[in-house]
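S.K.: Chain Z is already provided as a structure; the job is to place chains B, A, D and G with the ligands on it using the hints.
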Amino acid sequence: GGGNEQASSSTPAAVIAIDGSSTVYPISEAIAEDFGKTDGAAPVTVAFTGTGGGFKKFCRGETVVSDASRPISASELEACGQASIGFVELPVAYDGLAVVVNPKNTWATSMTVAELKKLWAPEAQGKVMQWSQIRAGWPDKNINLYGAGTDSGTFDYFTEATVGTAKKSRGDYTSSENDNVLVQGVSGDEYALGYMGLAYYEENRGRLTLLGIDDENPANGAGPIQPSFDVVRNGTYRPLSRPLFIYLSINALAARPEVQKFADFYLNNAAAISKEVGYVSLTDAELALVKARLAARTTGTMFADHAAQSQKSLTELLQGRQ
Amino acid sequence: MTSASRRIAGDRLLQTMSILVLTLSLVALTALLYDVWSDGWRRLDWQFLTSMPSGRAHLAGIYPALLGSLYVLLVTAGLALPLGIGAAVYLEEYGGGGRLARLIEINIANLAGVPSIIYGLLGLGIFVRVFGWGPSVLSGGATLGLLALPVVILSTREALRTVPMSAREGSYALGATKWQTIWHQVLPGALPGILTGLILAMSRAIGETAPLITIGALAYIDFTPSGVMSPFTVLPIQIYNWISKPQAAFAENAAAGIIVLLVLLLSMNAVAIVLRDRFQKARA
Amino acid sequence: MTRQTQRWVEWLIERALLLCAAGSVLITAGIIGALAFETVSFFREVPITEFLFGTVWTPLFYDAQFGVLPLVGGTILVSVIAMAVAMPAGLLSAIYLSEYAPPRVRRVVKPVMEILAGVPTIVFGYFALLFVTPLLQRVLPDLALFNALSPGLVMGIMILPLVSSLSEDALHAVPTGLREGAYALGATRMQAALRVVVPAAFSGISASFILAMSRAIGETMIVAIAAGQQPRLTANPLQPVETMTAYIVQVSMGDMPTGSIGYRTIFAVGTLLFLMTFVLNLISDWLRRRFREQYA
Amino acid sequence: MTTVLRPLSTLTTGAPHPATPVKIDVQGMNFYYGAKQALSDITISLNANVVTAFIGPSGCGKSTFLRTLNRMNDIIPGTRLEGRITIDGEDIYAPSTDVVGLRRRVGMVFQKSNPFPKSIFENIAYGLRINGLATSRSDMEGRIEESLKAAAIWDEVKDRLTESAQALSGGQQQRLCIARALAIQPEILLMDEPASALDPIATQRIEELIYELKSTYTIVIVTHNMQQAARVSDRTAFFWLGRLVESGPTATIFTNPAEKLTEDYVTGRFG
Amino acid sequence: MTTVLRPLSTLTTGAPHPATPVKIDVQGMNFYYGAKQALSDITISLNANVVTAFIGPSGCGKSTFLRTLNRMNDIIPGTRLEGRITIDGEDIYAPSTDVVGLRRRVGMVFQKSNPFPKSIFENIAYGLRINGLATSRSDMEGRIEESLKAAAIWDEVKDRLTESAQALSGGQQQRLCIARALAIQPEILLMDEPASALDPIATQRIEELIYELKSTYTIVIVTHNMQQAARVSDRTAFFWLGRLVESGPTATIFTNPAEKLTEDYVTGRFG
Ligand SMILES: Nc1ncnc2c1ncn2[C@@H]1O[C@H](COP(=O)(O)OP(=O)(O)OP(=O)(O)O)[C@@H](O)[C@H]1O
Ligand SMILES: Nc1ncnc2c1ncn2[C@@H]1O[C@H](COP(=O)(O)OP(=O)(O)OP(=O)(O)O)[C@@H](O)[C@H]1O
Ligand SMILES: [Mg+2]
Ligand SMILES: [Mg+2]
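Protein chains in written order, with the working numbering: chain Z, 1 to 322; chain B, 1 to 284; chain A, 1 to 296; chain D, 1 to 271; chain G, 1 to 271.
Careful, some of the hints might be misleading.
Claimed, not checked - 20 Å max Cα-Cα, derived EDC-like pairs, lysine to aspartate or glutamate: (1) G:Lys260 with G:Glu246; (2) Z:Lys167 with Z:Glu123; (3) B:Lys178 with A:Asp63; (4) Z:Lys37 with Z:Asp264; (5) Z:Lys127 with A:Asp63; (6) B:Lys178 with D:Asp98; (7) B:Lys178 with D:Asp74; (8) G:Lys214 with G:Asp25; (9) D:Lys36 with G:Glu146; (10) Z:Lys118 with A:Asp63; (11) G:Lys36 with D:Asp155; (12) G:Lys158 with G:Glu146; (13) Z:Lys291 with Z:Asp264; (14) Z:Lys168 with A:Asp63; (15) G:Lys149 with G:Glu246; (16) B:Lys178 with D:Asp159; (17) D:Lys214 with D:Glu146; (18) Z:Lys117 with A:Asp63; (19) Z:Lys167 with A:Asp63; (20) D:Lys36 with G:Asp159; (21) G:Lys36 with D:Asp74; (22) G:Lys158 with G:Glu141; (23) D:Lys36 with G:Asp155; (24) Z:Lys167 with A:Glu45; (25) B:Lys178 with A:Glu14; (26) G:Lys36 with D:Glu163; (27) Z:Lys141 with A:Asp142; (28) D:Lys158 with D:Glu145.
Stated by the list, open to error - Just so you have them, the derived chain G footprint on chain A, three or more residues with Cβ under 8 Å: (29) 70 to 81; (30) 167 to 180.
Hints listed in this document are in silico derivations from the structure and should not be mistaken for laboratory results.
For every residue, glycine included, the Cβ atom is placed at its ideal position computed from N, Cα and C.
In isolation and in its complexed conformation, chain Z is listed as follows (with noise of 0.2 Å):
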């Protein structure tokens, strides 16, 4: 009896339960694992539903840290709150998006972003079909496209930043969940041209070739840029970086000390832990900031006006808010 009725109420009071993005998921593994080690740790579990399904559960109350690859939405803004479930929104690193294109490919070397929307968008479907419409002086050859599946975060992000509504998109392209796939699809096809985490590109450098992304702005620098760990971190890879979230229960914050403690530990470890999964970091001075708003505990969400922020910089945006 008594020990099942206790059990049953969920998971064990002194989990830590972490779920949500499966693009955050590595970074939390590794901070769990960590963290873990340390002495009189309470026991962590990481689970990667996606983010929609993570906030899911985190509004219920079923976790009290959630992963997010994207900036928490209207409705599950709406869920939280119906649930009273306050939050503490944490960017703990940020994630590139690299243009890659098969190593045989010798014409591509860099697309500006115009060049993207032009290829990505809606209207291209079933109407941009060779390389040489994109560029004048391209092969005729038919372009074959990957990209990521159609409910990620990758997704939604891509297509923000390149054809500039979240989710327009054209659909005749190869999809996936699993990036791994895309690398090999875009491995395998000379012709083909796909989007991906920067990290996959990283751990496949020999087999796939990167693109510079221009955004003809020249604020962030001028040409194209060639993606790298560093130009994610200082700003000028725009559009195609953003910043990944863990998002902290306040009423776990404030009654469990061990939840305290791990997302100390998170904030400590995450510049590095980063490195070590394949993402980047934030710089010093952000993560000081993000720090500063766990040590305030302020709750809600820097995105609640989407437009309005999506062209600001995470360093704005941490410090509008304080």
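M.R.: Frame of chain Z; chains B, A, D and G with the ligands shown alone:
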């Protein structure tokens, strides 16, 4: 005699074809196993079996996943076996082939076609939330139990059908009750088929990923399940997790994990297979 | 045990068994319940005709379109390929194991085949993508890297043990007297197998087919990995497609906010899939009843 | 030479018999397999401690009738019975009937022998176990030996009791099934051609057995062998196309039947 | 009364018969079920167009012997045969033997009737089809009717040819299996107690059939019925505990056997 030689040729053809097909599928299996083996054997050692998962490929192990899979399978079998065999016995021996029984029968065949992810949604809604079991071994095992149930029911029914009527008559004539007849004559006669169904159902359950992710089985966990109410992870999730990582070293871990899964599966099935063998011989 | 308690025990057992059987109905009710709510909400927003007859499926795009036919087509295409492998190959293997093979071969091969059933489907998915597709591409240069053919074939291999094992059991259970009767008339093993043993085992064989077909339609990860997730209405197996299940898993494991129309699509697709398999089962049930032979 | 033809001397033993109470009473019984009527308007009563032989051409309904007496036909889907059958005055088709108890009291040997796919020992032990008849292992073994001896098969199987019953010859299987029915000591014994696969010696032993059992059992035997019917039975019932043409003391049926049909059949002038 | 006992008048027809060529020749044959020897050192030759009866107590190996003649025992795992069996001079256990062709030529009726779970029509049509014996639908129907008539079951089933054979009575199933074997017109016909479940009339018809078939077939019949053996067979072989005790013209075996054992058995003085 031409017709005779044609018939012999037909016989040879069928034999050759079936050997060919069988060989081909075994070749496919071998290719797959070889593929996995050559990727994963280097990672197979005691450390791999007894370590916790890790973001560092060379340190990562599958201990919690292995135990989690075992726990979950126990719950799954504990649910699907009695329920499945019970339902099959009811439908075949008591149901009387009426309209209701037929509807249930079609319904069960239908359940076998429901994608596993929908079972995941069901498990999440009912076991995790309504019953309040949380993302526990019990929820996971019960979800997979439901998933395995139709296979157990269908194969058990077919196995029961193969028991000749004369065996039932012989038993009734000795004053056996219906249940005694079922228990002593029908079920033993049907046991080989029931065991096959069990093997196939458990095999399916042990390899499932999606529904368990849906109910919140974990990808990272650094403790082993302490009971049916404990959070857990299972081998396929661990494998899926590793396969999704960009680093090539994790692909090796994934392959090694698959080998462990197959060995686990095989040793579980071995019992059923030995039993089946026994009973089939006794019947011949 | 007195006669009275015995009767009482019998009564109890029957009720308990009835409960087990009724349990399956509960599960279905649960599934319908889990699907119905969101499905109804979905059809409040999307006309059912657009869903059923539209030919473009882009529910997660900005200008969403909800024509489910490409998914249905992809599902049918891949399942047909899988069944075209699994049914004949599974039945032939079963016939070989039951009617031709020496008992020793049978005892070894059958469990070995059954291992196939336990390989996680993600593994099959990668096997299709990384091993089978490149192999096929040598023969079929037109084959896209992601295509319906390769996951279809691999899925066929995966469900083959389901067919072969269950069919073999059914064949094996046919009384030897019937085989002897056929042999005594000068039947070859083939003629005895195909015309006496297989018909007598028809019930079990068709059950294995139903299970296999259900499994093919419901299979998710193989297609999600190797078929390309490209909803496209085509009968060409060399092209990428997306199946209903691959779509469902894509969304339910993705970043889709709950309560959005995109989230609801998975329930609508799930419901349709449920209804499709239901109709399929009605048909096969009818077929089975027509052709079943009962031996005493 | 004449020994090949067993004389009908035993007929005399079967002729007049002391009036015993009615054990089985069948009134206006019709039996249907689906739409097909297999038995029409059967009325007959069978007395206790009497051996009744059912004779009649193949397909006339003998087995069907036998199987109505222990409700074995219940398990064939689509069958239907009209009329009334009582055993010891109790309607065995009444809703309250304990069918299991009925079958326990009414033992049966089937036309096609159907040993269980178990060992010889287990074939007999099964009935003892489910009816809780053996008090100990040695009691069990004793009863098994006894019934195997009664069925004249003990000598052939005593060294191989643990072997599968399916590896027995046709006649051995048949005797095993007889032993199986005897072991649980029913009140009524229905035997559907119990000696059809038996050699003359085994047949004679079974016939002797029937004669012995008569004092405690009520026995119904279906046979195609007129001599056998004449030898073992006290009364004979002749069936024809699903009807009971005539029944009466065996001597009467064989020597002085009321119906022309019966006479034609028993004298082989038939068809 | 005497008509109940069929006179042995037919014995005379069986006595001296014209010397026909040897059809089946068995030399020093031993047969084993696993470690257990079921037949020891059998040597016998069966002549063409002769009816041979196998008699002997239950379990003595009659069925086993019959089944060695069309290699039906091959399908029982663990069986083994030593010695030599030839049909028309060809060793049927030679590696080159076409077993299917052999079985086509050596028809068989089994001790336990085993109709296919198909319609009555299909049960007979099966053999015709697989052997390509019917040239047309009407030819097929003709042959089916013919063989059902020969097996004395036509009248009972002519209106229900499409019904399942499993709904037939025991004796009807047995006759159906006889019809099935006849339909494909083998050269040799092995019949394991073909009349065990048949009434006297049907039995008589089958016996007449055997007599008719003798001119074209070589027939071996296992029977427990001494009168039947005496009536239908030209030669009789007596088996005992897996050994062939004696074989010879039926009249000799029944009236003047060489062995005491044989005499005891046929006169019923046995055991
Ligand atoms: N499949 C088998 N495995 C082992 N032993 C067997 C098998 N079949 C028969 N036997 C044994 O072989 C011996 C001969 O059996 P067979 O069936 O030939 O006897 P039979 O003369 O036909 O007897 P019956 O008149 O009772 O049919 C018997 O002792 C029997 O128990
Ligand atoms: N299961 C069944 N379904 C339909 N008809 C049946 C079934 N069993 C028997 N019959 C038919 O009922 C009639 C009586 O059959 P029954 O078995 O009682 O005959 P029987 O007198 O025992 O014959 P036999 O001496 O050949 O065993 C026959 O015409 C038979 O074909
Ligand atoms: Mg009968
Ligand atoms: Mg025999």
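S.K.: Work down the list of hints and note, for each, if the structure agrees.
M.R.: Tested hints:
Restraint check for Lys260 (chain G) and Glu246 (chain G): satisfied, since their Cα atoms lie roughly 10 Å apart, inside the 20 Å limit. Taking the CA atoms of Lys167 (chain Z) and Glu123 (chain Z), the gap is near 13 Å; set against the 20 Å cutoff, the hint holds. With a C-alpha separation of about 63 Å, the suggested pair Lys178 (chain B) and Asp63 (chain A) falls outside the 20 Å cut-off, and the hint is violated. Distance restraint check for Lys37 (chain Z) and Asp264 (chain Z): the Cα-Cα separation of roughly 15 Å lies within the 20 Å cut-off, and the hinted pair is therefore satisfied.
Between the alpha carbons of Lys127 (chain Z) and Asp63 (chain A) the distance comes to roughly 17 Å, so the proposed pair stays at or under 20 Å and holds. Taking the CA atoms of Lys178 (chain B) and Asp98 (chain D), the gap is about 12 Å. The hint holds against a cut of 20 Å. Restraint check: the Cα-Cα separation between Lys178 (chain B) and Asp74 (chain D) comes to about 12 Å, which is no more than 20 Å; the hinted pair holds. Taken as a hint, the Lys214 (chain G) and Asp25 (chain G) pair is honoured in the structure, with Cα atoms around 18 Å apart against an allowance of 20 Å.
Between the alpha carbons of Lys36 (chain D) and Glu146 (chain G) the distance comes to roughly 26 Å, so the proposed pair goes past 20 Å and is violated. Simply put, Lys118 (chain Z) and Asp63 (chain A) have alpha-carbon atoms about 17 Å apart, close enough for the 20 Å limit, and the pair holds. For a cut-off of 20 Å, the pair hint linking Lys36 (chain G) to Asp155 (chain D) stands: about 17 Å separates their Cα positions. Taking the CA atoms of Lys158 (chain G) and Glu146 (chain G), the gap is near 11 Å; set against the 20 Å cutoff, the hint holds.
Annotation: proposed proximity of Lys291 (chain Z) to Asp264 (chain Z) holds, straight-line Cα distance about 8 Å (limit 20 Å). For the suggested pair Lys168 (chain Z) and Asp63 (chain A), the alpha carbons sit about 7 Å apart, so the restraint of at most 20 Å is met. A hinted pair counts as satisfied when its Cα atoms are at most 20 Å apart, and Lys149 (chain G) with Glu246 (chain G) does not qualify at roughly 36 Å. Among the hinted pairs, Lys178 (chain B) with Asp159 (chain D) is inconsistent with the structure: their alpha-carbon atoms are about 33 Å apart, more than 20 Å.
Restraint check for Lys214 (chain D) and Glu146 (chain D): satisfied, since their Cα atoms lie roughly 17 Å apart, inside the 20 Å limit. At most 20 Å may separate the alpha-carbon atoms for a hinted pair to count; Lys117 (chain Z) and Asp63 (chain A) meet this at roughly 16 Å. At most 20 Å may separate the alpha-carbon atoms for a hinted pair to count; Lys167 (chain Z) and Asp63 (chain A) meet this at roughly 8 Å. Of the supplied pair hints, the one linking Lys36 (chain D) and Asp159 (chain G) holds, its CA atoms being roughly 12 Å apart against a limit of 20 Å.
The suggested pairing of Lys36 (chain G) with Asp74 (chain D) is violated, with an alpha-carbon distance near 41 Å, which exceeds 20 Å. At roughly 11 Å between alpha-carbon atoms, Lys158 (chain G) and Glu141 (chain G) fall within 20 Å of each other, so this suggested pair holds. Taking the CA atoms of Lys36 (chain D) and Asp155 (chain G), the gap is near 17 Å; set against the 20 Å cutoff, the hint holds. In summary, the hint linking Lys167 (chain Z) to Glu45 (chain A) is supported, as the alpha carbons are separated by about 19 Å, within the 20 Å threshold.
Straight-line distance between C-alpha atoms of Lys178 (chain B) and Glu14 (chain A) comes to about 9 Å, which keeps the hinted pair within the 20 Å bound. Pair hint Lys36 (chain G) plus Glu163 (chain D) holds up; C-alpha atoms about 12 Å apart against a cutoff of 20 Å. Note on Lys141 (chain Z) and Asp142 (chain A): the hinted pairing holds, with a Cα-Cα distance of about 15 Å set against a maximum of 20 Å. With a C-alpha separation of about 8 Å, the suggested pairing of Lys158 (chain D) with Glu145 (chain D) holds against the 20 Å cut-off.
Coverage of the segment 70 to 81 of chain A by chain G is violated. Counting CB-CB distances below 8 Å, 0 residues qualify, and the rule asks for three or more. Here the segment 167 to 180 of chain A counts 6 residues with a CB under 8 Å from a CB of chain G, which clears the bar of 3, and the coverage holds.
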